[in-house]
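There are 4 protein chains.
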Amino acid sequence: MNEIWQEVYGMQGELTKRRRDLHRYPESAWTEFRTASMVATELTKLGYEVHLGNEVMDEKEMMGVPSAQILQSCMDRAISEGADPALVEKMSGGKTGVMGIMHFAKPGKVVGLRFDMDSNEVVESSDSTHRPMAENFRSTHEGCMHACGHDGHVTVGLAVAKLIAEHKDEMSGTVKFFFQPAEEGVRGARAMVASGIVDDVEYFLSGHIGFNADKDNELVCMTGGFLATSKLDAHFTGVSSHAGAAPEQGKNALLAAAQAAISLHTISRHGAGASRINVGVINAGTGRNVLPDVGEIKMETRGANTDINNYMMNESKRMIAAAAAMYDVKVTTKEVGGAPACELSEDMGKEIYNIATASGQFTEVVPFISLGASEDCSYFMDRVQRNGGQATYMMYGTTLKAGHHNMAFDFNEECLPKAVGILVTLAQHFGNK
Amino acid sequence: MNEIWQEVYGMQGELTKRRRDLHRYPESAWTEFRTASMVATELTKLGYEVHLGNEVMDEKEMMGVPSAQILQSCMDRAISEGADPALVEKMSGGKTGVMGIMHFAKPGKVVGLRFDMDSNEVVESSDSTHRPMAENFRSTHEGCMHACGHDGHVTVGLAVAKLIAEHKDEMSGTVKFFFQPAEEGVRGARAMVASGIVDDVEYFLSGHIGFNADKDNELVCMTGGFLATSKLDAHFTGVSSHAGAAPEQGKNALLAAAQAAISLHTISRHGAGASRINVGVINAGTGRNVLPDVGEIKMETRGANTDINNYMMNESKRMIAAAAAMYDVKVTTKEVGGAPACELSEDMGKEIYNIATASGQFTEVVPFISLGASEDCSYFMDRVQRNGGQATYMMYGTTLKAGHHNMAFDFNEECLPKAVGILVTLAQHFGNK
Amino acid sequence: MNEIWQEVYGMQGELTKRRRDLHRYPESAWTEFRTASMVATELTKLGYEVHLGNEVMDEKEMMGVPSAQILQSCMDRAISEGADPALVEKMSGGKTGVMGIMHFAKPGKVVGLRFDMDSNEVVESSDSTHRPMAENFRSTHEGCMHACGHDGHVTVGLAVAKLIAEHKDEMSGTVKFFFQPAEEGVRGARAMVASGIVDDVEYFLSGHIGFNADKDNELVCMTGGFLATSKLDAHFTGVSSHAGAAPEQGKNALLAAAQAAISLHTISRHGAGASRINVGVINAGTGRNVLPDVGEIKMETRGANTDINNYMMNESKRMIAAAAAMYDVKVTTKEVGGAPACELSEDMGKEIYNIATASGQFTEVVPFISLGASEDCSYFMDRVQRNGGQATYMMYGTTLKAGHHNMAFDFNEECLPKAVGILVTLAQHFGNK
Amino acid sequence: MNEIWQEVYGMQGELTKRRRDLHRYPESAWTEFRTASMVATELTKLGYEVHLGNEVMDEKEMMGVPSAQILQSCMDRAISEGADPALVEKMSGGKTGVMGIMHFAKPGKVVGLRFDMDSNEVVESSDSTHRPMAENFRSTHEGCMHACGHDGHVTVGLAVAKLIAEHKDEMSGTVKFFFQPAEEGVRGARAMVASGIVDDVEYFLSGHIGFNADKDNELVCMTGGFLATSKLDAHFTGVSSHAGAAPEQGKNALLAAAQAAISLHTISRHGAGASRINVGVINAGTGRNVLPDVGEIKMETRGANTDINNYMMNESKRMIAAAAAMYDVKVTTKEVGGAPACELSEDMGKEIYNIATASGQFTEVVPFISLGASEDCSYFMDRVQRNGGQATYMMYGTTLKAGHHNMAFDFNEECLPKAVGILVTLAQHFGNK
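Chains as they are written, first to last, in my numbering: chain A, 5 to 437; chain B, 5 to 437; chain C, 5 to 437; chain D, 5 to 437.
By construction, these hints were calculated from the structure, which means they are not laboratory data. Heads up, some of the hints might be wrong.
Note that the list lumps identical chains together, so a pair holds whenever it fits in one copy or between two copies.
Calculated lysine-lysine pairs in the DSS-like style (CA-CA distance at most 27 Å, straight line) [claimed, not checked]: (1) Lys334 / Lys302; (2) Lys94 / Lys64; (3) Lys334 / Lys321; (4) Lys437 / Lys64.
From just these sequences and the hints, can you work out the full model?
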């Protein structure tokens with residue numbers, strides 16, 4: 005399998021082409037119908053056993069799913085842009101996850117590889133200096149953009165699948181590919197994991213393009229410091245009244261929402277480790293001279309571990325209810341996302357470090373970085389580890405044109421073959437243990 | 005002039021038709037290009053000396069004017085819907101006020117009559133029980149609706165102008181018609197009054213359809229209790245940061261806006277009379293996991309007199325600045341509307357009461373009601389009174405389908421001839437003094 | 005009875021002496037043991053039927069009574085300063101109200117006169133320019149001071165009782181004297197009125213020295229604009245924790261109290277009339293580095309009428325509970341004072357105006373002033389009026405050295421005979437109706 | 005020097021007696037006149053070169069010093085309780101620090117040992133189960149109590165000084181004893197360090213009784229996790245007014261203080277490490293019906309490092325100013341305490357671990373604990389380390405009757421000889437390096 009690195013460098017054109025196609029047709033969380041259709045079709049062609057829809061998603065664990073109306077229009081759009089109608093049908097309701105399995109002749113371990121597929125809700129830059137604009141692969145879905153590199157992740161995943169299929173005689177055990185929807189907003193992993201499809205995995209790997217790894221030819225073996233997180237929407241409903249003539253007849257949903265926003269930020273810090281709170285969005289009221297009867301906030305908590313995040317979320321829920329009671333308005337809350345914290349399997353990380361270093365393909369191999377952000381890959385990792393397996397999360401270095409989620413985000417496509425090469429190498433290595 | 009009442013009842017069909025045309029083409033504040041064009045054209049036909057645009061508006065006193073882009077698209081729309089392009093051109097920049105003057109042969113007083121023209125920003129009901137829907141005169145401008153009866157006001161004003169012109173030999177002195185834009189948000193009167201066109205008026209009359217006068221065939225002679233008011237927008241600009249990794253690097257515009265909203269409501273009541281505060285709208289933040297860098301509030305103050313309103317606004321401005329300082333964000337504020345309080349001329353009110361009662365056309369004649377709301381007609385009234393004239397504000401009774409500003413608002417069109425009749429009668433009476 | 009005015013001016017020395025004795029021994033709310041003992045003893049001597057303690061107070065309606073320990077020490081103090089131990093015993097528990105009744109031979113009406121007895125909790129000025137200091141009648145009870153003129157009120161009441169007793173043959177009907185404890189904090193009137201002793205009164209009179217009547221020789225016949233009011237204490241109990249090591253283990257009573265204070269001031273103004281809110285005192289926390297487990301606020305509401313005050317208090321109670329819920333702390337509230345709004349009997353006021361004017365004893369007779377404050381005399385007035393009687397509240401004009409409740413408060417003692425003379429005159433007049 | 009351990013165990017009676025004397029006469033921060041006088045007298049007797057007052061304190065760096073009046077009364081008290089008047093005079097202004105120096109014949113290093121002397125402001129338990137009560141050494145200074153074990157620290161310090169003096173021939177280098185005032189509120193160390201007296205120290209040791217070391221016969225070699233901290237008082241001054249009649253004329257210092265308290269708790273967490281905020285005390289307002297014109301808060305910040313603490317304090321100062329501006333009141337702030345974070349010298353800690361373990365005198369020797377609290381010993385440690393020296397902070401294990409700062413706090417006096425023994429051993433060891 006020494007020739008892998010040669011092969012992957014030879015795929016640069018193919019990788020770039022795939023990534024740019026995906027970039028032109030970004031699909032945000034739970035609407036990855038075209039992307040998932042392409043993935044399923046490709047995996048089938050390559051000889052994988054493919055599962056999708058209800059087979060890989062526990063519907064009741066799906067968080068923050070768009071309305072039926074939005075889902076339908078995205079399904080229609082996907083079909084009009086080349087998706088297989090039969091596959092799209094199976095993914096109805098947003099169940100856009102795809103799994104591909106291949107068992108190898110030689111006995112070995114079950115290795116899981118996970119790739120996230122969704123785009124951001126960002127209006128992509130139309131500046132002429134933005135390469136997707138200049139080279140004509142800017143998003144054609146206005147308001148959606150692959151601004152976090154998941155187009156690259158899907159591209160890598162399919163290329164890894166292709167190489168492994170081509171080299172299946174050199175592989176041992178079993179490989180499972182997980183193509184996950186709705187990583188943005190940490191909404192999708194929980195439902196895939198809850199379906200049980202990851203329960204037999206013994207070595208699990210995922211990774212990301214370019215967070216805190218901003219050099220070309222850099223590889224981070226273990227990315228940690230994932231914060232547990234929960235995402236919540238709260239909707240306040242009061243009673244409007246004429247602000248001049250009868251203010252006492254209103255029940256002020258704007259003040260309830262504003263008070264919730266402020267109070268949430270007063271939750272005590274936790275002595276046992278990092279905690280976070282953010283009310284990222286508030287909208288309330290209908291007109292200047294009307295005592296406001298509607299209000300909403302979109303908030304999130306985080307914690308260095310799941311207990312701390314639970315503390316933050318429990319405090320938050322009580323405070324939101326109290327803010328509503330303060331102004332005698334009704335409130336409903338909905339959890340729309342979340343992820344646990346997770347540990348990294350250090351033994352696995354050390355092996356990756358040794359293999360990557362030995363490969364000679366990376367200018368810089370970094371054992372560990374701490375991220376301080378959240379990623380719902382932690383659901384996968386946590387499940388694998390609880391079942392006795394090992395899991396880690398890598399970072400594929402690249403220079404960036406602008407930060408993640410920025411309208412001018414773009415990465416160096418030369419990172420793609422590097423990621424493919426190391427993943428194929430590691431899948432072979434861990435399958436063979 | 006005894007036959008006036010017969011004539012106005014005969015005009016019911018014409019009035020209804022005019023009102024429904026206006027209802028189909030509602031134009032919100034400062035965009036009344038089609039309405040004003042129709043008014044100017046009609047007044048000219050009837051023999052009035054007509055002034056508009058710069059002649060009747062002091063541009064620098066116009067508050068809360070939409071962007072040039074919006075104005076342009078509304079001008080284009082108006083022309084496509086029948087407005088006179090030459091007139092529209094004169095009204096560019098939103099200067100949509102119109103004045104019509106007629107001098108009569110018999111000497112007498114200068115009587116001013118004022119009608120407001122703008123619609124609300126409300127999506128009109130499309131329920132089949134809503135008469136404009138059922139009888140096909142629902143708004144064709146989605147998001148705009150005559151939900152406050154100004155379509156009726158314009159209709160009444162033009163009919164009064166027509167009858168007075170037809171009866172000009174029976175009139176004395178001078179009559180001035182003021183067709184005002186942008187009453188909603190109390191934005192338009194100030195600029196018309198500031199132009200000086202009302203300075204010679206000795207008797208001033210205006211009125212409204214159906215506030216606190218919810219019976220058909222009812223007339224209120226004096227509507228008082230207008231509260232002085234100011235309208236303000238505040239925009240907060242902070243610095244965004246990753247809410248998980250670096251919250252300390254942000255400057256939180258959402259918390260500044262929320263704090264301003266709450267603090268404003270803590271302004272001390274005023275011992276000398278009624279005061280009001282309302283933050284009607286708040287919007288802040290761009291995404292759940294981003295420390296928010298933008299925020300805005302739309303607020304208003306009111307006071308039983310101008311001093312109290314000034315107290316409320318001075319407190320408000322300081323508090324908004326302090327809320328920004330609290331979170332180290334920048335804030336800009338803009339006054340987007342306002343009206344003074346005003347007194348009613350009681351002698352004039354008593355004369356109206358006697359005339360209306362004597363006419364026998366109203367089932368109920370009410371000397372006075374107190375409104376507890378704001379109306380920028382107070383600018384006109386205050387100016388006339390300061391110049392030694394008299395002014396009052398009537399209310400034309402009607403049953404309503406739903407309250408003012410409601411998406412299902414509708415009035416009984418039989419109130420229109422009643423309003424026309426009493427105004428013509430009063431214009432003749434006061435001109436003759 | 006024409007010689008009354010001569011007699012009262014002859015009593016100046018006696019009045020001054022009595023007032024200064026009372027001024028030296030001020031007793032705050034519910035501890036007026038020495039004052040009430042003196043009143044009861046004097047009234048008995050003058051031939052009045054005297055009732056006190058349980059006979060004139062409904063114990064369960066007494067609000068804001070000090071602790072048993074404080075009451076006991078004040079009882080001991082009173083006895084050591086000359087109070088009658090037997091009378092003090094009857095007043096145990098703070099039931100310091102006294103009523104004196106005299107029935108006259110000639111039939112007539114029942115006239116009620118009410119005087120309040122309690123001092124303020126103010127440290128009296130020891131400046132040499134402060135007359136009580138200079139002339140040696142400064143308070144000997146440190147921290148208590150007659151800073152609201154109730155020493156004058158008691159003085160006037162006893163002198164009126166003396167003159168009426170001396171002239172009983174010229175009187176008609178019945179006179180009832182009510183010496184009320186605990187007007188400060190509007191705590192005492194409710195319990196006296198609830199005992200039923202005022203139920204037969206047909207004409208009721210009370211008054212005050214020097215509020216908004218700052219001229220010597222001035223008399224105000226009707227003082228109105230009393231606001232209904234409620235007084236509430238709230239105690240918050242949380243859990244303390246080390247603010248550095250384990251902030252998450254605390255439940256923050258300080259933040260709950262502070263939040264309550266702020267939120268209370270955001271209660272909507274009432275469209276139907278004046279409302280007021282004040283959190284006058286907040287205390288919370290035990291040490292800088294301890295997450296605070298205790299907090300309290302002392303607050304009050306007011307309203308132009310009792311409904312508005314009830315609205316304010318209902319909102320307040322809900323908000324206080326919500327502030328506690330916000331920080332997961334316990335809260336207990338206690339109503340410690342209150343008074344309704346009341347109307348003035350205008351006919352009675354006009355008669356007083358005519359009599360006072362005709363007497364020629366006042367340089368200025370003012371028919372009416374509006375106060376904008378609260379006085380629990382409104383309990384008496386409201387009860388009398390509900391039973392079909394008439395009631396009003398006068399103001400005895402005087403120049404002042406400093407405002408009411410100020411440590412340098414002092415009034416011109418020449419106002420005392422004026423107040424005595426008009427009250428005797430009016431008691432005779434209304435008894436004779 | 006092997007016999008040291010025997011000697012210290014033989015001193016148990018002497019140690020207990022000393023500690024109980026100190027316990028009976030607790031002196032809070034900056035008033036340790038009797039304690040310091042005793043320390044200086046003892047050190048002088050033992051042959052140390054003694055410095056105090058201006059020689060060891062930089063007056064302008066003293067934080068949170070009581071008023072001149074309080075200092076004077078404490079000086080008088082100390083003299084009446086046996087302090088040397090001449091020494092007390094040298095400590096006027098609260099400069100109660102004492103340093104004792106001894107140079108040994110054998111060359112070696114400069115070893116610094118630091119002991120804090122002040123008591124807490126706590127009312128000591130008078131429960132019969134509280135040993136100081138039962139055995140008659142409860143505080144005689146009501147409101148002051150040694151509730152943090154500093155009586156033990158002084159006792160240990162003097163015993164170490166005595167043993168070292170007795171064994172001076174076996175010592176090398178120089179030993180410096182620092183007896184520090186005002187550790188509570190982290191107020192005293194800064195001024196001693198600023199005087200320069202610690203600048204030549206090469207090995208620095210201090211320690212505490214019983215924090216997170218709750219077993220008898222336990223020794224912690226390195227206590228870390230000290231948080232940098234700052235302590236601030238803020239006084240708000242507004243304008244009072246009658247809450248019923250003229251609320252608009254007031255400037256509300258209570259709401260400013262309450263708002264500051266709440267806003268401070270909304271300061272963003274810091275991505276780089278632990279931060280803390282606590283408003284421990286709020287007091288505002290003078291009476292329920294007076295719009296409040298005074299308010300104060302006592303607050304503190306902490307940070308995992310000095311930068312984070314500075315971030316917290318900078319945010320705090322801006323927010324306090326903004327809260328004052330919100331209500332148009334004046335505010336003055338005063339820093340009344342503070343301490344930097346500091347690192348532990350790990351090499352020194354390891355040596356202590358080895359020596360303590362080898363001594364066989366401790367059941368449990370713990371290399372390191374993290375405290376999560378603040379200690380102004382960090383000023384000493386930071387200075388020594390910046391000058392190239394090494395420093396650490398130990399913990400002397402003991403069972404406790406109640407937690408530190410609790411009114412029932414008491415420790416097992418058998419910890420005292422253990423602490424003396426290890427300190428003498430280490431002073432000899434490090435002096436000899």
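Tested hints:
1. Lys334 / Lys302: Both: 16 Å inside a chain and 23 Å across chains, each within 27 Å.
2. Lys94 / Lys64: within (16 Å within a copy, 62 Å between copies)
3. Lys334 / Lys321: Intra 13 Å, inter 18 Å, cutoff 27 Å: intra and inter.
4. Lys437 / Lys64: neither (36 Å within a copy, 69 Å between copies)
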